[in-house]
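Student: Quick mapping for you: the protein sequence lines, in order, are chains B and Y. Numbering-wise, UniProt numbering puts 226 at position 226 of the first sequence, and it's gapless, one number per residue. Numbering-wise, UniProt numbering puts 196 at position 196 of the second sequence, and it's gapless, one number per residue.
Watch out, some of these pointers could steer you wrong.
In silico DSBU-like cross-links for lysine-lysine, where the CA-CA straight-line distance does not exceed 35 Å [unchecked claim]: (1) B:Lys137 / B:Lys161; (2) B:Lys109 / B:Lys137; (3) B:Lys137 / Y:Lys209; (4) B:Lys23 / Y:Lys13; (5) Y:Lys13 / Y:Lys172; (6) B:Lys121 / B:Lys161; (7) Y:Lys45 / B:Lys109; (8) B:Lys109 / B:Lys121; (9) Y:Lys45 / B:Lys161; (10) B:Lys161 / B:Lys23; (11) B:Lys115 / B:Lys137; (12) Y:Lys209 / B:Lys121; (13) Y:Lys154 / Y:Lys209; (14) Y:Lys209 / B:Lys109; (15) B:Lys23 / B:Lys243; (16) Y:Lys172 / Y:Lys154; (17) Y:Lys13 / Y:Lys209; (18) B:Lys115 / Y:Lys209; (19) B:Lys161 / B:Lys109; (20) Y:Lys154 / Y:Lys13; (21) B:Lys137 / B:Lys121.
Keep in mind the hints are simulated off the structure, nothing from the lab. Small disclaimer: the values here were computed from a predicted structure and weren't measured.
Take a look at the letters that make up each chain.
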Amino acid sequence: MPAEPLIVLSGVNKHFGRLHVLKDIDLTVGRGEVVVVVGPSGSGKSTLCRAINRLEPVEAGTITVDGQPLPAEGRALARLRADVGMVFQSFNLFAHRTVLDNVMLAPLKVRRRGKADAQRKARELLDRVGLLAHAGKLPAQLSGGQQQRVAIARALAMDPKAMLFDEPTSALDPEMINEVLEVMQQLAEEGMTMVVVTHEMGFARSAADRMVFMADGQIIEDRVPEDFFTDPRTDRARDFLSKILHH
Amino acid sequence: MNVLTQNFSLYGKGLWGTVQLTLLAGALALAVGVLIAGFRVSPVKALRVFGTAWVTVLRNTPLTLLFFAVLLGLPRFGVVLPFMVFAVLALGAYTSAFVCEAVRAGINTVPLGQGEAARSLGMSFTQTLSLVVLPQAARSVIPPIGSTLIALAKNSAIAGSFSVDELLGTYKPLNELGYSIVWTFVWIAVGYLIVTLSLAGVFALLERKLGVAR
Numbered sequence: 001m002p003a004e005p006l007i008v009l010s011g012v013n014k015h016f017g018r019l020h021v022l023k024d025i026d027l028t029v030g031r032g033e034v035v036v037v038v039g040p041s042g043s044g045k046s047t048l049c050r051a052i053n054r055l056e057p058v059e060a061g062t063i064t065v066d067g068q069p070l071p072a073e074g075r076a077l078a079r080l081r082a083d084v085g086m087v088f089q090s091f092n093l094f095a096h097r098t099v100l101d102n103v104m105l106a107p108l109k110v111r112r113r114g115k116a117d118a119q120r121k122a123r124e125l126l127d128r129v130g131l132l133a134h135a136g137k138l139p140a141q142l143s144g145g146q147q148q149r150v151a152i153a154r155a156l157a158m159d160p161k162a163m164l165f166d167e168p169t170s171a172l173d174p175e176m177i178n179e180v181l182e183v184m185q186q187l188a189e190e191g192m193t194m195v196v197v198t199h200e201m202g203f204a205r206s207a208a209d210r211m212v213f214m215a216d217g218q219i220i221e222d223r224v225p226e227d228f229f230t231d232p233r234t235d236r237a238r239d240f241l242s243k244i245l246h247h
Numbered sequence: 001m002n003v004l005t006q007n008f009s010l011y012g013k014g015l016w017g018t019v020q021l022t023l024l025a026g027a028l029a030l031a032v033g034v035l036i037a038g039f040r041v042s043p044v045k046a047l048r049v050f051g052t053a054w055v056t057v058l059r060n061t062p063l064t065l066l067f068f069a070v071l072l073g074l075p076r077f078g079v080v081l082p083f084m085v086f087a088v089l090a091l092g093a094y095t096s097a098f099v100c101e102a103v104r105a106g107i108n109t110v111p112l113g114q115g116e117a118a119r120s121l122g123m124s125f126t127q128t129l130s131l132v133v134l135p136q137a138a139r140s141v142i143p144p145i146g147s148t149l150i151a152l153a154k155n156s157a158i159a160g161s162f163s164v165d166e167l168l169g170t171y172k173p174l175n176e177l178g179y180s181i182v183w184t185f186v187w188i189a190v191g192y193l194i195v196t197l198s199l200a201g202v203f204a205l206l207e208r209k210l211g212v213a214r
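Can you build the whole structure from these sequences, using the hints too?
Tutor: Written out as structure tokens, the structure is:
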């Protein structure tokens with residue numbers, strides 16, 4: 001088991017109106033661990049992911065990141081969010097800024113780095129995701145897969161302690177999924193702490209340290225991938241796997 | 001025709017007054033309107049309440065009544081300023097309510113994910129608004145703000161009733177001098193057209209410039 005917990009959720013509850021989306025969630029993610037969250041749609045997995053940096057406020061329970069409890073709002077929360085990278089299903093690149101500016105903006109304005117320094121780092125990261133040649137383009141001029149790789153570079157530019165991925169490949173055409181998964185795979189190998197909500201079971205199998213299976217707002221299984229895929233304990237998980245693995 | 005040529009300086013003075021009122025009150029309205037729009041979408045409840053109250057009161061008060069309130073009200077609290085300044089305050093505050101609502105409509109056209117991405121990178125509310133949301137809202141906000149400022153140029157005529165030099169007010173001395181009322185008003189109308197069409201031109205230019213990006 002991992003030595004040091006980085007993200008700890010305990011007793012987390014949330015409702016959307018009358019719908020109980022998160023029910024008494026307890027989850028610990030260790031430093032350097034890759035946790036893949038799967039489950040049927042509406043199971044609360046995206047909400048869980050978004051709650052970790054408080055894009056979704058929770059009603060009860062505590063969430064701590066690197067020992068710090070998540071503050072309610074304001075500066076302290078912003079500081080904490082700066083340390084947790086987030087990648088969205090719909091990329092959310094800043095549409096009015098070039099690719100390079102997208103990656104540089106937060107380091108400049110939030111971390112208050114120097115311009116030359118931020119630009120050098122941004123170019124390094126764009127090179128790493130294979131998009132340095134597109135640095136001067138606007139997001140709309142890139143394909144979905146390219147946009148998502150820029151979004152990953154943008155999050156990495158803040159030197160985050162952990163990265164959250166909320167269905168990063170769900171909005172992509174099939175031929176673009178792999179280019180994004182490869183970047184994520186590489187990150188995982190470098191020891192980045194990651195929470196990944198995804199339907200990509202191939203990625204889960206090869207990159208995950210743990211599989212978390214959610215249904216109806218609860219964590220039903222939390223196991224190593226090998227066990228989860230070959231011998232799910234619950235009917236819910238078995239049913240889910242049979243639907244997504246043989247089609 | 002000779003009503004214009006014989007009274008060019010009077011018309012000029014009136015036109016200059018209208019231009020001044022429009023530019024100064026317009027600048028005030030833009031600054032305050034954007035600020036109040038920020039209040040109305042802020043996470044702080046007190047600011048939201050203040051913003052809503054500001055818009056509700058100013059948008060629903062007849063402008064003439066607002067002029068009376070400012071010109072007669074403020075001096076009672078010891079605020080004594082030239083009438084021109086009072087007129088700019090009244091026009092600016094009134095127009096700011098409409099600017100605020102146009103800006104807020106623009107903010108709502110920016111996808112939610114843009115703000116979420118900014119916040120997830122650790123940006124504060126003010127940074128999110130000024131660096132990410134407002135620049136993208138600008139494009140859709142330009143046309144309604146153009147209309148609002150054109151309305152402001154015409155609304156500035158009310159200041160004439162409160163002894164501020166402006167274009168419409170020039171009809172009074174001209175009428176007393178016995179000039180044809182029709183031609184007096186024709187040239188006043190031309191004066192307003194110069195102001196409003198210039199405004200429309202500037203905003204068409206802005207729209208084209210901001211429309212390129214993205």
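Student: Hint by hint, which ones does this structure get wrong, listed from lowest number up?
Tutor: Hint 4 is the one this structure does not satisfy, whereas the remaining hints hold.
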